[in-house]
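Those protein sequences? They're chains A and B, same order as listed. Numbering follows our numbering, in which position 148 of the first sequence is assigned residue number 148; successive positions increment by one, without gaps. Position in the second sequence (from 1) plus 1000 gives the number in our numbering.
In short, the hints are calculated from the structure, not lab data. We put the beta carbon where it would ideally sit given N, CA and C, even for glycine. Treat the hints with care, as some may be off.
Footprint (simulated), chain B over chain A, 3 or more residues, beta carbon under 8 angstroms [claimed, not checked]:
1. 49-59
2. 87-93
Computed beta-carbon distance windows for the label pairs [as the list claims (entries may be wrong)]:
3. B:Gly1142 - A:Thr133: 44 to 54 angstroms
4. A:Ala69 - B:Gly1014: 21 to 31 angstroms
5. A:Gly142 - B:Thr1261: 39 to 49 angstroms
6. B:Trp1169 - A:Thr18: 23 to 33 angstroms
7. B:Leu1123 - A:Thr133: 39 to 49 angstroms
8. B:Arg1171 - A:Gly212: 25 to 35 angstroms
9. B:His1253 - A:Asn39: 26 to 36 angstroms
10. A:Asn39 - B:Arg1171: 20 to 30 angstroms
11. B:Arg1171 - A:Asp127: 32 to 42 angstroms
12. B:Trp1169 - A:Gln86: 18 to 28 angstroms
13. A:Thr18 - B:Arg1085: 24 to 34 angstroms
14. B:Ala1181 - A:Gln86: 29 to 39 angstroms
15. A:Asp127 - B:Val1273: 49 to 59 angstroms
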Amino acid sequence: MIRPTVELIGVGKRFGGTAALDGVDLALTPGITGLLGPNGAGKTTLLRILATVLAADEGVVRLLDHDLATPQDRTAVRRRLGYLPQELGFPRGFSAFRFVDYMAVLKEWGSAPARHAEVRRVLEQVDLATLATKRISTLSGGQRRRVALAQALLGAPDLLVLDEPTTGLDPEQRVALRRVLAETARAATLVLATHQTEDVAALCDRVIVLSGGHVQFDGRVAQLVAAATGRVWLADAPDPAAQASWRTGSGRYRNVGKAAPSAAEVVDPTLEDAYLLLRGATTSDSIEVPA
Amino acid sequence: MTAVATRPRVPAPGSTLRVLAGVEARRFARHPLFLAGVATCVIPTVTAANDANSDVLGGDGFFPALLVGVVSMVVAYQLTRSTRRSAEALHAVPTAATTRTGALCLACVVPAAAGVLWLAVKLIAIHRWPPQPWMFGTFGLGDRFAILAGESVLACLGAPLLGVAAGRWLRIRGGAVLLVAGVTGWVTAGFAVALNSTGGLLATGLRLSTPFTVFLTSGKGYRSLDSWTGSPWWYLLWLVALCGLATIAALLHGATGGTRTRLLRVGALFVIVGLLAYGLAVTGGLRRTVTVHPDGTRTAAAAR
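Same shape as in the complex, but just chain A (with noise of 0.2 angstroms):
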């Protein structure tokens, strides 16, 4: 069996009287695991615990084979620890290279040359080669976000956390970061936050969904789409009885539900449809998840 890279046992984390995380236990291992949820759900708080900026006030987190207990212990993580936060800004005047120098430097990058080295592999990785001594500040939202994803890319780190990769990308250089994180994924614990299901959908092997600070789904991504089977059917007006529906690019409505009528076109689920239905399902009844 695969020993887990990233081991959580009761982890709860409050602010204030509000508890973000309540005894969430996890073991990962190498691959990508898509971590979903509504806002407030505590996906942000798990991974900043997970990225070692937070601190857990109960329960054990053990990382890469340390348990964070001692400050050695968490930079031994860090050394080994690529960190995407949910918004990064950047220094004034910075360019992109140069922001991304600036972390390898703190990320323990003494030689010069093969620090220069590292950071082009990173920004050639992100396609931002071409553009890597323009000011950070005259690049695009979705150029920006690629420069924060180089830099945690830096050192090709064996736990990769990432708090909404995708966020001001278009369509094209989504796909290319797919393309990027699961090669990055073949060698390491990659754990990314987002609302985006499709990413998940193409990306990962394994989902949680966390609601209220709690784990709510934890599987493969296969399994939390099987359960919606027979849930989702088109119509060419909104059902009353389905839990949601919307309509489509064809005129028809796609409805989310308990069941579909017997009458009705029921078409194959995405991730999309079984995340909607189990989320209803807190409030309405339960979805079962095939094994």
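Chain A is already provided as a structure; the job is to place chain B on it using the hints.
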């Protein structure tokens, strides 16, 4: 073709600090405000170098202290604050916050070097175009050096160190303006008290508590010079202690555990040395302001 990913080796202790200090020093040296300050300082320095009526130990030191020192304080503050928007990512790197602050403190050698350069130019100018002896007031060779070093090197080092400390701790908009106003107000208050007195422990104490002061002022048309109270050498040591305290204050931000304890111990040592030096600076040297005339005669300064 994409290059193969590499990893840095675990660095030798201190090597990241050295590399980072180099990066921060280059940022400092290239900062437009710093370059403008240095460039502006060159003009009065060159003008005063061969000016017979120049305030040899007095007002000339104002130029590096203001144009390099105070300007560098603002630059150091800005450089320290510049990475705050990347703070979230910086918390996840192996380099500790104290190392990053330490690198910024080490980068303050850049303005200090400008101060050293100014001091060297001043000493060469004094050697090349020697002023009349009375223009040094009552101060001997050693005291002259201490006065000039305090006005230039220590002012150019201490002010940016204070800028780094303020950059780490202040969480308000316009912090740099507040810092400049606070420091200049402090120095001006000490100076104003001294100008309205001919000595006395209280006036000397207030004047020498500030991070910049002069020991010699000229009368109208350079007809006489007033040598002010206090010991220049002990004042210089007081300034060194202030520099140390500013560094400790900066490093304490984000320091935890054993590092914090060690910093507090060193800080306590600087407080003791500083208070001792300050006490000796106030009680040592001249007790009353002395006026020196061009013919070499010395008289007690008249009350202003």
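Quick rundown of the hints versus the structure:
no., hint, in the structure
1, 49-59, "holds (count 3)"
2, 87-93, "holds (count 6)"
3, B:Gly1142 - A:Thr133: 44 to 54 angstroms, "52 angstroms, holds"
4, A:Ala69 - B:Gly1014: 21 to 31 angstroms, "25 angstroms, holds"
5, A:Gly142 - B:Thr1261: 39 to 49 angstroms, "46 angstroms, holds"
6, B:Trp1169 - A:Thr18: 23 to 33 angstroms, "28 angstroms, holds"
7, B:Leu1123 - A:Thr133: 39 to 49 angstroms, "43 angstroms, holds"
8, B:Arg1171 - A:Gly212: 25 to 35 angstroms, "32 angstroms, holds"
9, B:His1253 - A:Asn39: 26 to 36 angstroms, "32 angstroms, holds"
10, A:Asn39 - B:Arg1171: 20 to 30 angstroms, "27 angstroms, holds"
11, B:Arg1171 - A:Asp127: 32 to 42 angstroms, "37 angstroms, holds"
12, B:Trp1169 - A:Gln86: 18 to 28 angstroms, "26 angstroms, holds"
13, A:Thr18 - B:Arg1085: 24 to 34 angstroms, "26 angstroms, holds"
14, B:Ala1181 - A:Gln86: 29 to 39 angstroms, "37 angstroms, holds"
15, A:Asp127 - B:Val1273: 49 to 59 angstroms, "56 angstroms, holds"
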